[in-house]
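> Chains Y and L are the protein sequences, given in the same order. Each residue of the first sequence is one higher than the one before, counting from 0 in numbering that gives the first Met the number 0. Each residue of the second sequence is one higher than the one before, counting from 0 in numbering that gives the first Met the number 0.
Keep in mind the hints are simulated off the structure, nothing from the lab. Keep in mind that the hints are not guaranteed to be accurate.
Unchecked claim - Calculated lysine-lysine pairs in the BS3-like style (CA-CA distance at most 30 Å, straight line):
no., chain 1, residue 1, chain 2, residue 2
1, Y, Lys255, Y, Lys11
2, Y, Lys182, Y, Lys8
3, Y, Lys255, L, Lys5
4, L, Lys5, Y, Lys365
5, Y, Lys182, Y, Lys255
6, L, Lys5, Y, Lys299
7, Y, Lys11, L, Lys5
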Amino acid sequence: MAVTHLECKECKAHYPLQALYVCERCFGPLEAVYEHQRDGRDVGELRRRIQGGPQNIWRYADFLPLAEGPPGPSGRLASRVGLPAGCTPLIRADRLAERLGLREVWVKNDAANPTHSFKDRVVSLAAARARELGFEVIACASTGNLANSVAAHGAALGLDSYVLIPADLEEQKVLATGVYGTKLVMVDGSYDDVNRLCTELCAERRWAFVNVNLRPYYAEGSKTLAFEIAEQLGWEIPDRCVVPVASGSLFTKIAKGFDEWRELGLLDGQLPRMNGAQAEGCAPVASAFLAGHQVCRPVKPDTIAKSLAIGNPADGPYALDVARRTGGSIDAVSDEEIREGIALLAETTGIFTETAGGVSAAVLRKLADRGEIERDESVVLLITGDGLKTLDAVRGSFPTYSIAPTIEAFEATVPEGVAAV
Amino acid sequence: MPVLVKIPTQLRPAAGGAAETEVDGATVQEVLDGLFDRFEELRARIYDDDGSLRRFVNVYLAGEDIRFLDGLSTPVADGAELTILPAVAGG
């Protein structure tokens, strides 16, 4: 089983497996293509081969675009496998389901990755491919989570790193990047400005920009979420997935992951209904979905969900296609609903998510309220990042009781309901 | 009115290897037409069959996406800088 080449998603032109990301003929994005050889193995053997793999995304190395398989010992670099990601918990969320009037809701908690977001999946893969291609430096344009991950993977692998972020990012994300000893560049502009700058820099530097010139490899890492969800459900495809949408890459790659395993016979049944989640303050994909458009009109983001604040989502057209093809949708929620979504998830599951997870939880609630989810459906809610990264979103959102250290003060101040339960 | 057009690496082979070139024009459309007069091969790379910008081509005037301005009709001043770049998803 192996990746064979890169292919333009628009005009299908072929390219070699190099640090290329855009078609020279039509500017379409490039994507990895595989020739899966089953070598006479039946489905059971394929599944056992996966189950016998490591407890991280490298158990899916057969389905990822690395030339030399999972990263192993390296003579030149001290680290053996860097900072492996994946194998995060899939938790049955019965209290959340009950609150929403649903039967079977699962939370895929990808905040349980090494730098507390799903970005460790894509960066593990991009960094491994960068090493295969001989790069000495990794870099990225980031809304925060990717910044954390690139800086950490650079440190773990002994690669220099450059991280470019919008200057107004949450302090937690800035601190949780700089600590790894990266070159942290704060750009006076929006994420879309940072992204444009990195696209220009990419032509000037021989660096592996994980989400620019390494993008065809990087993006494939998101498929591992679909693989894990299916494996954790006992080789089943859920009926529905609710996934946050920024560039649209994660959303489309999750569908691709399920699809690839269906083609190999590892999974049966239809693709899940794919429901995308955006913030109203940055909803170019949701707006295009509602208007019936094939492409997204860029917007200037203004939302507390900064990790989703991409006003010019390059994978938007593909996300629209996936949502329509699977009978799903792309919905948007207000900042207030995002805060309520964070609280809903925290209070019913014990999982504290960042604003992007609040967007997903709020969209799940919206779908449930609209009566779009059948009672017997299995629904997976994707939580992509940790609440500790966006503390401002919950500051002042709950009461506290300040007292002197005496029984009298406690009884006089703390409500009975809280104390007695 | 010459405008400086910056050409992305992927298109340089179709532009005689040039990284940038000066073109006259009063609007983005006129500048691009002038560019295509000079490098005919670029036309099909940047425009689709209907003569509009391909959906993965982004054009920036002084750093601002022209879709936030007047699109191809956006006026350009003497000495302005027009940048052509592939759309790249972020995250």
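> Take the hints in turn and mark each one as holding or not.
Hint by hint, here is what the structure shows:
1. Y/Lys255 with Y/Lys11: Between Y/Lys255 and Y/Lys11 the Cα gap is close to 17 Å, so the pair holds against 30 Å.
2. Y/Lys182 with Y/Lys8: 33 Å, violated
3. Y/Lys255 with L/Lys5: Violated, at about 35 Å.
4. L/Lys5 with Y/Lys365: Violated. L/Lys5 to Y/Lys365 sits at ~45 Å, over the 30 Å cutoff.
5. Y/Lys182 with Y/Lys255: Given that 30 Å is the threshold and the Cα spacing comes to 34 Å, the pair is violated.
6. L/Lys5 with Y/Lys299: 24 Å, holds
7. Y/Lys11 with L/Lys5: 27 Å, holds
The structure shown violates the earlier hints numbered 2, 3, 4 and 5.
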